[in-house]
Amino acid sequence: MKTTRLTKSHIQKIYRPANPKTHKGTQGHALLIGGSYGKMGSITLSVKAALHSGAGLVTAFIPECGYQILQTVVPEAMVITDMGHKHLSNIQYEIEPNAIGIGPGIGQEQGVQHAFHEFLRRVRKPLVVDADGLNILSQKKDWISLLPKNTILTPHPKELSRLIGEFASEEDSKENAIRFARQHKLILVLKGAPTFITDGNSLFQNTTGNAALATGGTGDVLTGIITALLAQGYEALDAAKLGVYLHGLTADLALPETGTEYFVASDVIRYLGKAFLSIAKSPPRK
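Under UniProt numbering, the sequence shown has 178 at position 178, and the numbering climbs by one with no breaks.
In short, the hints are calculated from the structure, not lab data.
Possibly wrong hints are sitting among the right ones.
Claimed, not checked - Here are the simulated lysine to any residue pairs, SDA-like style, with alpha carbons at most 25 Å apart:
#1 Lys86 - Ser138
#2 Lys274 - Pro17
#3 Lys174 - Gly216
#4 Lys8 - Lys158
#5 Lys8 - Lys274
#6 Lys149 - Ile14
#7 Lys174 - Thr4
#8 Lys174 - His156
#9 Lys125 - Trp143
#10 Lys13 - Gly216
#11 Lys274 - His23
#12 Lys149 - Tyr15
#13 Lys141 - Glu175
#14 Lys13 - Lys141
#15 Lys13 - Thr215
#16 Lys158 - Pro17
Stated by the list, open to error - Okay, the calculated beta carbon distance ranges per label pair:
#17 Lys149 - Glu170: 40 to 50 Å
#18 Glu235 - Thr22: 14 to 24 Å
#19 Lys24 - Leu277: 16 to 26 Å
#20 Gly25 - Gly259: 40 to 50 Å
#21 Glu94 - Gln12: 33 to 43 Å
#22 Lys274 - Thr22: 19 to 29 Å
#23 Thr215 - Lys274: 30 to 40 Å
We put the CB at the ideal spot given by N, CA and C, even for glycine.
Produce the complete structure using the sequences and hints provided.
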């Protein structure tokens with residue numbers, strides 16, 4: 001399959017600057033579901049990233065133990081708590097989000113798996129699944145059929161091998177990922193150096209990013225970025241391409257100032273504004 005490189009000109013055709021007359025009610029509502037005792041940082045990063053990626057409203061659905069953390073660290077976000085104290089146990093909410101991201105920090109306990117399964121049976125919104133959400137799916141492969149069409153999965157190499165199996169070479173793995181995406185009508189973001197994106201019919205190679213991204217939490221940030229773009233009405237494949245490009249671009253912009261070793265996941269969020277400005281077709285008016 002021919003590989004298309006994601007260049008700045010390609011991304012500029014996807015990117016839509018905000019309408020000057022927009023307001024928070026028309027910029028999309030993103031719901032991020034995740035977290036557990038000791039892993040609240042993951043969902044906190046996702047929520048912050050969604051807020052800094054243009055979503056008008058962002059809600060976090062988390063276990064009760066994370067309430068004070070989220071409300072303190074991300075005051076701009078709304079919070080709904082699960083009845084479970086340390087882990088998710090019953091994912092129920094009355095809001096109507098435009099897109100949902102699930103998985104960062106949720107763990108793989110039996111109660112979490114049950115809650116995740118019940119959630120998948122009901123969900124109809126554009127969806128991103130990451131982290132332990134992917135690991136649960138790799139154990140319960142029959143649940144993959146419950147995913148809405150064009151759900152975005154964002155596995156790193158180990159998560160991908162658990163999901164589709166081990167293969168002799170990177171090229172074999174990529175080809176099987178393409179077949180997997182086509183078979184299940186999903187979009188795969190194959191995180192790596194470089195990152196590839198496929199919907200089973202086409203393959204895209206990202207051209208941004210560097211070794212600074214090889215640090216914990218950057219995947220959680222990517223989940224928040226892509227979920228926010230989905231919430232704003234981007235088509236799933238475009239949201240994946242734009243999100244991955246911006247995510248990598250933050251590291252490229254930061255590198256002269258931070259170097260590789262100093263860079264952490266929060267720096268992706270810190271440089272998102274510059275990343276968005278750099279792909280704008282014209283500079284903002286003063």
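For each hint, the structure was consulted:
no., hint, in the structure
1, Lys86 - Ser138, "holds, 23 Å"
2, Lys274 - Pro17, "holds, 14 Å"
3, Lys174 - Gly216, "holds, 24 Å"
4, Lys8 - Lys158, "violated, 29 Å"
5, Lys8 - Lys274, "holds, 14 Å"
6, Lys149 - Ile14, "holds, 21 Å"
7, Lys174 - Thr4, "holds, 14 Å"
8, Lys174 - His156, "holds, 12 Å"
9, Lys125 - Trp143, "holds, 16 Å"
10, Lys13 - Gly216, "violated, 31 Å"
11, Lys274 - His23, "holds, 22 Å"
12, Lys149 - Tyr15, "holds, 23 Å"
13, Lys141 - Glu175, "holds, 19 Å"
14, Lys13 - Lys141, "violated, 36 Å"
15, Lys13 - Thr215, "violated, 30 Å"
16, Lys158 - Pro17, "violated, 35 Å"
17, Lys149 - Glu170: 40 to 50 Å, "violated, 28 Å"
18, Glu235 - Thr22: 14 to 24 Å, "holds, 19 Å"
19, Lys24 - Leu277: 16 to 26 Å, "holds, 21 Å"
20, Gly25 - Gly259: 40 to 50 Å, "holds, 41 Å"
21, Glu94 - Gln12: 33 to 43 Å, "holds, 38 Å"
22, Lys274 - Thr22: 19 to 29 Å, "holds, 21 Å"
23, Thr215 - Lys274: 30 to 40 Å, "violated, 19 Å"
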